[in-house]
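Trainee: In case you want the letters, here they are:
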Amino acid sequence: MNKITNSALYSYLLGMADDALILGQRTSEWCSRGPFLEEDIALSNVALDYIGRARMFYQYAAEVEGLGRTEDDLAYFRDERDFSNLLINELPNFDFAFSIVRQYFLDVHACLYLAQLTSSTDQRLSAVACKAIKESRYHLKRSQTWVLQLGQGSDESQRRMQSAIDELWGYTPELFIMTESETALLAQGIAVNREDLLQDWTKSVMADMKNSNLQIPDQQWKVIGGREGEHSEHLGHLLSQMQILQRSYPGLTW
Amino acid sequence: MSDSGQAIFDRRIEAEQKIEPKDWMPADYRKNLIRQMSQHAHSEVIGMQPEGNWISRAPTLKRKMVLLAKVQDEGGHGLYLYSATETLNATRDEMNAALHSGKAKYASIFNYPALSWADVGAIGWLVDGAAIVNQISLQGTSYGPYSRAMIRICKEESFHQRQGYEIMIALANGTPMQKAMAQDALNRVWWPSLMMFGPHDSDSAHSGRSMQWKIKLRTNDDLRQSFIDQTVPQIKFLGLELPDPDLKWNEERGHYDFGDIDWDEFKRVISGDGPCNRDRIRHHKKAHDDGQWVRDALEAYHQKKASASAA
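Line order of the protein sequences matches chains A and B. Taking our numbering, the leading residue of the first sequence gets 7, the next gets one more, and so forth. Taking our numbering, the leading residue of the second sequence gets -9, the next gets one more, and so forth.
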């Protein structure tokens, strides 16, 4: 592999890994805080899938980088500005509706994205995608059911879901923006064209919203910058908690 | 021989056959089981908090996954146990209400804080270790659903104990700072772990009848001694100092002797004044209250569906 591809692949993998880790970390915050025990357990399951996914991407990224760093070096010793996750992943769990709507938007996206990635010319990526898509299809079944039940449930649940949709809507355009690395890798059949997914994503989301007594906002807005390390203020707090032991006592075995 | 419910029940207990949900059982047997099983379920669920306190800060991604999986398993154990208790006609709402009002207890050990990463190791190793000793014995308990839940739970608990001990091994073989962290955790978690087996047999309020009904098969003191005997060699293997100067092998008894347990502390913590009692209930109650609208919405949804299909 030539040098340019190598560096593009590294930053692509980091982005994918950061997305998974930050969402996994956020979702794990639900553990012992779910609305009932069965759901508490299910949310931890989703978090576990994402942390597992993050590890696969970080391990691959570390190998591609070739500097002898490990998955943990990449997760624990990079700062806010170095993290390149999409912003939607880092937003706090404002309430259950917010976490569910976020998960739903991301699940629809992940199913479309991973379906394409399974035919990546990079065999390692295609193997990761084959594993991850099974998880995401299951996640989508869950989040879609929640959207339906909470959208049609009570007045309060409908109101909370609509408000979560309105709050999150402007963080979805970032899911469809190509980075330079992705564009370079797309030419070699390694990465996926995010722009191509927008139409199917919108169609699925609109259909589910209609079924669920919920609406996509009329007004279009967007907040972007995650891939360039331009984050919300929430990420720093998440990282400072996550990284505390490694940063306090660097170089130890745990 | 009379075929009254009581006679059949007594014969089955005598013959060590399981009592099943639809069988006749004495009201006190049912009451005693609900008390013990719901306490057990609450312990699993409240026990998610001290370890859960470290999920966000686990020092490696692998440790984070293992810990999250572990805490999630505890939730799963709580679920089996609540379901088993529901077979006695206790509802989840009643059990939660009893927990929040303080009427129902849970293992007192979870009223202590998890202050360092080593506490996560010590909890898995000692607290789950103590729980296994107790639960292995409960696999043979006379109530069928409880016995079957215990068999399932024991399989997972041994994995939990290993993950805890593995954390301790890594720390004990680490830097002096890490070893000190491990020692500190051992010193703090040791005594409350011994208290997990409950008061001395002579002071145990519920033991007599529970033994007679074969709900409980071994006494508190007997189980505590087994736990100590199996754990001391593990402490030595780690190269840590024993947390009790009176821990000594007694050749004559074939057991380790140990120092006096501070039963005043036990009573204080169990009656509500441990370092975290209020936090634990507040945390559980907040999650429950925050989730009220979700549960209400689910019910409203299913009612709408039911009336739509009836129409």
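Since the hints were made in silico from the structure, they are not lab data. Be a bit skeptical, because a hint or two may be false.
[To be verified] Only part of the chain A face toward chain B is listed, based on derived beta-carbon distances under 10 Å:
#  : residue
1  : Glu35
2  : Asp46
3  : Leu54
4  : Leu73
5  : Glu77
6  : Phe182
7  : Ile183
8  : Thr208
9  : Gln247
10 : Leu258
Note that the structure is a prediction, hence the values are computed from the model and not measured. The beta-carbon is built from N, C-alpha and C at its ideal position, and this holds for glycine as well.
Trainee: If a hint holds in the structure, say so; if it doesn't, say that too.
Mentor: Consistency of the hints with the structure:
1. Glu35: Hint on Glu35(A): holds, closest Cβ of chain B at ~7 Å, below 10 Å.
2. Asp46: holds (6 Å)
3. Leu54: With a closest approach of 6 Å, the Leu54(A) hint holds.
4. Leu73: violated (18 Å)
5. Glu77: Holds - the Cβ of Glu77(A) comes within 10 Å of chain B, reaching about 6 Å at its closest.
6. Phe182: violated (28 Å)
7. Ile183: With a closest approach of 27 Å, the Ile183(A) hint is violated.
8. Thr208: Result: violated, 26 Å to nearest chain B Cβ.
9. Gln247: holds (5 Å)
10. Leu258: Leu258(A) check passes; min Cβ-Cβ to chain B is 6 Å, inside 10 Å.
The structure shown violates the earlier hints numbered 4, 6, 7 and 8.
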